[in-house]
Every structure is written in C-alpha cells, then in structure tokens.
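Protein chains: 2
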Amino acid sequence: MKIGVTGVASSKFGELWSVSPRALVKYVAERALAESGLEPTDIDAFYVGNMLSGILGGQENLGSLFAEEIGTTAPAFKIEGACASGGLAIHNAILGILSGQYKKVLVVGVEKMTDHKPEEVTVALMGAGSEAERIAGLTFPGLYSLIAREYMDKYKISEKELAAVAVKNHYHGSLNPNAQFQNPITIEKVLESPCVADPLKLLDCSPISDGASAVVLTAESLVSKKQNPIWITGSAAATDSLGLYNRKSLTSLAATQAAAKTAYQQAGIQPNDIDVAEVHDCFTIAELLALEDLGFYKKGTSGKAVLGGELTLNSSKKIAVNTSGGLKACGHPVGATGVKQVVEIVEQLRGNLGKRQVKNANVGLTHNVGGSGAVAVVHILSQEH
Amino acid sequence: MKIGVTGVASSKFGELWSVSPRALVKYVAERALAESGLEPTDIDAFYVGNMLSGILGGQENLGSLFAEEIGTTAPAFKIEGACASGGLAIHNAILGILSGQYKKVLVVGVEKMTDHKPEEVTVALMGAGSEAERIAGLTFPGLYSLIAREYMDKYKISEKELAAVAVKNHYHGSLNPNAQFQNPITIEKVLESPCVADPLKLLDCSPISDGASAVVLTAESLVSKKQNPIWITGSAAATDSLGLYNRKSLTSLAATQAAAKTAYQQAGIQPNDIDVAEVHDCFTIAELLALEDLGFYKKGTSGKAVLGGELTLNSSKKIAVNTSGGLKACGHPVGATGVKQVVEIVEQLRGNLGKRQVKNANVGLTHNVGGSGAVAVVHILSQEH
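The listed protein sequences correspond, in order, to chains W and P. The letter at position 254 of the first sequence is residue 259 when you use this note's numbering, and the numbering goes up by one with no holes. The letter at position 159 of the second sequence is residue 164 when you use this note's numbering, and the numbering goes up by one with no holes.
Note that these hints are calculated values from the structure, not bench results. Just so you know, these numbers come straight off a predicted model, no measurement behind them. From the three backbone atoms N, C-alpha and C, an ideal C-beta is built for every residue, glycine too. A few of these clues could be false.
Stated by the list, open to error - If you anchor each label on the Cβ, the simulated ranges turn out as follows:
{"no.": "1", "chain 1": "W", "residue 1": "Lys253", "chain 2": "P", "residue 2": "Glu44", "range": "18 to 24 Å"}
{"no.": "2", "chain 1": "W", "residue 1": "Glu20", "chain 2": "P", "residue 2": "Trp22", "range": "41 to 47 Å"}
{"no.": "3", "chain 1": "W", "residue 1": "Leu207", "chain 2": "P", "residue 2": "Ala141", "range": "51 to 57 Å"}
{"no.": "4", "chain 1": "P", "residue 1": "Trp22", "chain 2": "W", "residue 2": "Thr306", "range": "52 to 58 Å"}
{"no.": "5", "chain 1": "W", "residue 1": "Glu225", "chain 2": "P", "residue 2": "Ser320", "range": "25 to 31 Å"}
{"no.": "6", "chain 1": "W", "residue 1": "Glu155", "chain 2": "P", "residue 2": "Val128", "range": "41 to 47 Å"}
{"no.": "7", "chain 1": "W", "residue 1": "Glu155", "chain 2": "P", "residue 2": "Glu44", "range": "48 to 54 Å"}
{"no.": "8", "chain 1": "W", "residue 1": "Ser254", "chain 2": "P", "residue 2": "Glu124", "range": "19 to 25 Å"}
{"no.": "9", "chain 1": "P", "residue 1": "Gly76", "chain 2": "W", "residue 2": "Glu155", "range": "31 to 37 Å"}
{"no.": "10", "chain 1": "W", "residue 1": "Ser226", "chain 2": "P", "residue 2": "Asn357", "range": "23 to 29 Å"}
{"no.": "11", "chain 1": "P", "residue 1": "Glu124", "chain 2": "W", "residue 2": "Lys231", "range": "53 to 59 Å"}
{"no.": "12", "chain 1": "W", "residue 1": "Ser226", "chain 2": "P", "residue 2": "Ser25", "range": "27 to 33 Å"}
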C-alpha cells in the first residue's frame, strides 16, 4: 500500500465558541488543499469523520453540507465509528483510492462539543456505548476506570504510572501551539486533581473539545515530488464487543491488536521500526494499553517506561508517543482526533516541527479507538517511498 | 467493475413497533449471508447505512453495535448521507472490494422511525437540510412542493401526472408482501387525499417507516456459480448544494445526472439498455425528475408516460420502474432504502419474483437520493457476467 499524503492542516483544538463547524472545516480544508497545490474542484471524493453532529446538533448529511461549503460537487460521505470516526474516514478514503475510482481525496475530521453542557456531551458520548452499560449508568470515565483498576491489580502499578502519561502529554502539548492545554503539569498535580472515577482523576482524562483536521490523500501515480509527500503504507481496522462485559480480557484491546497486526503486515514492518506514534489516550490507562497492544512494550511494562521518560520527546530511547499532546493535552474533538493524529505524524516525518520535532523520525503510526475498544484503526506512515 | 451480489434479504417495511433495530439487522443479515453460503465470521468488512439513529435514538457506533449482534469482528463502518445512506454504504463497500483489502462484505441498511412522533421525525429529517431552509421553517414536503410547482409550470402538466406515479407504485406494492402499503389506489383517491404541501397531497408522499435490508457483495474472483450471482457493473455518487436556493434549476437534480453519467460509463451501457429500475420516489414529483435525469425520458415528458402506463410492471413498453412499490408504497426507512433498491433489482434479475417479475429483465438500475438532491448514488446491475 502506497498512498501519498500531500497536504495536512489542523485548527487549534479547544473551546472555540466563536467558530462554527462550517468555518472550522473550511479553514482546514483550504490549508490542506493549498499544501497539495489543489483547488476544491480538483478533488474527486470527500470523506467527513464526525460522531456527534446528529445527536448534539440535529445535523446530518455532513458530506454534502461541507462539500457545498468548500466548493466541490465530488462524491461526499460521512463515516462514523464513535471516537474512531476520523481514523475510519481516512481508512475509507484510502480504500477509495486503492479501488482506482478516486485519485485525489480530501478527508476532514470535525467535532464541535463545547457549545453543549458537559452533562449533555457525556450522555451523547454514551451513544458509542452498549445498552447494558448505558442502563447501568456507566459513562466512559467509569468504563475506563474499570479497565484501570483491573490493570493496576494485575500488573501491580500505582496511580503514579498513570499520571506519568498525563505529565508527558501535557509537556508535549506545551510545545504545540494548536493544543488545548499548553501548561506542563506534575505527577503531584495529577494525583491531587479531583477524582472523576476512581482511580482516574481529572488530569487522567482527555477534555471536551472543538476542532477540525484535514488531510489530502493522492494516488501514488499522481503524486509529484514537489508535493513533498509522506506515504501511508498500512491502514487497517477491527471491531470488538461494544461492552466490556463481553471481553475475554479488560487489560488488552483485541481490536487494537487485530488492526495493528494487519497494518504492520501491510507495511512490512515490526513495532520496533516505529519512531513516533500518536495513540488513543482518551484516559491515561488507554495509552498504557495502546503501547502494549501495539507491540511497543510487553504487557504490564509500559507504565514504568512512561514514568522513566522513555516515551517523552527527545529523551525517548525507543519511541516518542503523542508528541501533539495526545487526546489528553492537544484535546479530543472526537471526529477530528483520528485525522489530527495523521496530521501530526506527517508533520513529524516531514521534519519541520521545530521544538517538538522528533529526531530522525522515518516511520510513524497512528492509533484511533472508538468506544471502550469496540473499534480500532491503525495507520502506518513512512517518509520513504 | 464486476462485483458479485451473492445474497440479499429485506424485512417487511412498515410500522414494526415490536421489533428492535438489532433484531431487524440480525434478521436480514442472517438471511443474506445464508443465501451466500457464508457464516458471519466469513465476512471481512461490514458497512451499515443509517441516518437517524443518533438524532432519534442517541445511538451511534452502529458498525460495532451490529457487528457484535451479528457475530463478527470484521472492520465495521457506518456510512451516512441522509436518505442516500444505504446506497452510499453499498458504494463504499464496493470501493472496499475494488481496493483488494476486502473480499466478502456485508452491507445492511436500517432505520427505525415509527417509534417517534411524526413531528419529531419531520424535524429529524431536516437534519439533511440546509440551515437557511430549516430557519425558514421548510420541511421536505415543502421543498419538494416548490420543485413540483416549478416543474408543473414549466412543462404544463397537471396533478394527475403526479398522482399516476403513486397509483403505479401502489399497484406494484400490492404485489410485494414486504411492502408497507399493499392497497391499490386510484388517481381520484390521490387527488382527493389531504393536501400536505400544495400541490403535493398525502398520497404523493412516501411514508415514515421501519425496516432493514442486506446485501452480501463478493469479489469477482471468489464468486462461485452456485451462488447464482448478479453483478454490479457501475457504482457512482455525486453531490450538489444542500439548499434549493443555490441550484441552477429546480426541475433537474444535477447530482442524479452526474452520478448516472459515471455509472453508465462504468457499465458501458446507455439508459435504454435498462429493463428495470428502482428510483428515489420520496414524493411523486421526485420520480418524474429521476426518470428524466437518469435519461429514460426527455425533460417534461415522463409524467405523460407514467400516466399512459409505460412504466407499469408488464404493461411497460420501455422500462418497469419501482416494482417494489418504491419509497411511496414499499415504504421509506431512510437508511434501508438504498439497500432495498439493490435487493429488489437483484431479485428481478434472478427472475424469481412471481407476480411482480419483469419479463426478460437483464439489466437494472438503482437510484438513491439524500436531501432534496444534495447527494445521489446510482448502481447498475446485470444478470450476465
């Protein structure tokens, strides 16, 4: 698989009360297209990743809506898979190119969440959850707290290792002008923050966010050198049960493992070939699971590695993870997240990220999850053709 | 393009108050898979077409939800494009197969609408509409009444020609045991029915419906003769402005014309090669536009043709249209409609439809629209390889 990424763009993530979803989409689409040297009328398909516009805004048909806003009559599709909507939109766009039917494709992920009360957003997000869990009154912090407790008991880690994920990602966020939170934090600050769902504290949780990200994907045969392309060499998705109660294990996400296995095979690489990764840290525990399910660490060992600084930008011995700040610090506008992850890795592989540039970054990975692991999508990107 | 359709199934359409969306999906998925000789674990991708589950039910992540219900961990995606969601799900599934990444794919379209008050559904459906039209208080009957009035003025037809579409489709519905309305009606009855949005009367409008449909698509190389395949030879989509006020013409849908042009080219055929078609008759006027935009009739002439019986099953001189009963009589569970259209054409091309079998049906077409023409998707199917 060789799909050229020829343009990328992200908006600032955060509480963007004065900006409409249309304006966000237009902003990132124009910039990503400009990087590719394309006009809106040049694209031959348009994919939108979004989860909550229907539930929170009563608006659907986002493909056509944003196509009109951008100025294209290309076929347009909304792809939804909870918090993995953005990654799944990219996956489907790649299939569209590999099919031969589309050659120049725009993908936009977008979400507008902060116009609504946090309680409304929490309920809306449970639209990704299982019926039994919804009836039981569980929310996503509750679900991930069950995972965290099980993991901590099984692998004998403390809340410090979880907190270290938030500290690392806030440090990275402090170097990202688009991040929602640009304030470095300490382990003490995480441990002292209010409890949300024991053992997860406020600073273990990603925020509610607005934002949009865009990528332009181009068929290999049409990519020109001056577009400075980065290549997608693997793209795979998998599903698992919606509810935790149907899982064999709470300390692994089978969907992540399955998607990663396929993506590595497609790219012909191993986990230790990855230099930089954006993984789905909706809660700190989720990053630990991801680091292990993606094959970077053995089960139960990633917490110590994060605490020891192994995954921090440029002090990393092995791999730099969530240099954007991740969902935790960069923010988590759910439909945008999977697209933003690809934007970050493309910028890392281009090598122009300044203060948060990972040295010698040649191969990168993105990992986007929907629900509490009901769906996962993994992309592998490479500098070299 | 040669994609094998190896299994199809539809539920009854109508007011299915005692059946859940899960049960509907399981019912059609099991039957379509059984026709293909496949188990749920044999499929390698799963596409769901649905529009309103988020707005009306607060439930998203339908790919994972229904994957769990069916019993597969294959990658699963929800594709949304208003009332074209089902057709767009099939289109994306086809791209998935053409990409080479997926070989045996299940597509389900599903919608559950009658659990809600009609007023709520009307508002929810405007989730496919433009902001300006929503603010102005327009609903879809209102939008299509503007189109109907403009068409009637331009081409000097009366309400009789519109009514003839409903009469034809109710006659077809009377032969379809899955149709929501199986009662034949007369032109007088349509003209006497209550006005919804002048000139459209109650019997010019498709109903609010529940239902699900499924198709199994198989890569050409894996299709066996005993699967009795029908072939998809064209699949194309296009978009247009969301609102009517941005259109050059109200009496044509540019998205239909663009999608049809591409699909005919892919299949290497002309409109007059089509023997049987399912077109998007959400309102009677919509069928007249479709008949002309798809190239079956010259602009302004299709109303007389319908009135003269040219498109009625087996009295047709040219082409039989909406033998399922169409959206008007078979029902319009929006996310299911585009899939049901393909189910109907596959069954027609197989030649076993009994009373509503079109004689010598070799080539068929489906036409699915979202919004008031903001998106259209056209499929061409053929008996012969």
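Violating hint indices (sorted, rising): Checked against the structure, the hints that fail are numbers 3, 5, 7, 8, 9, 10, 12, while the rest are satisfied.
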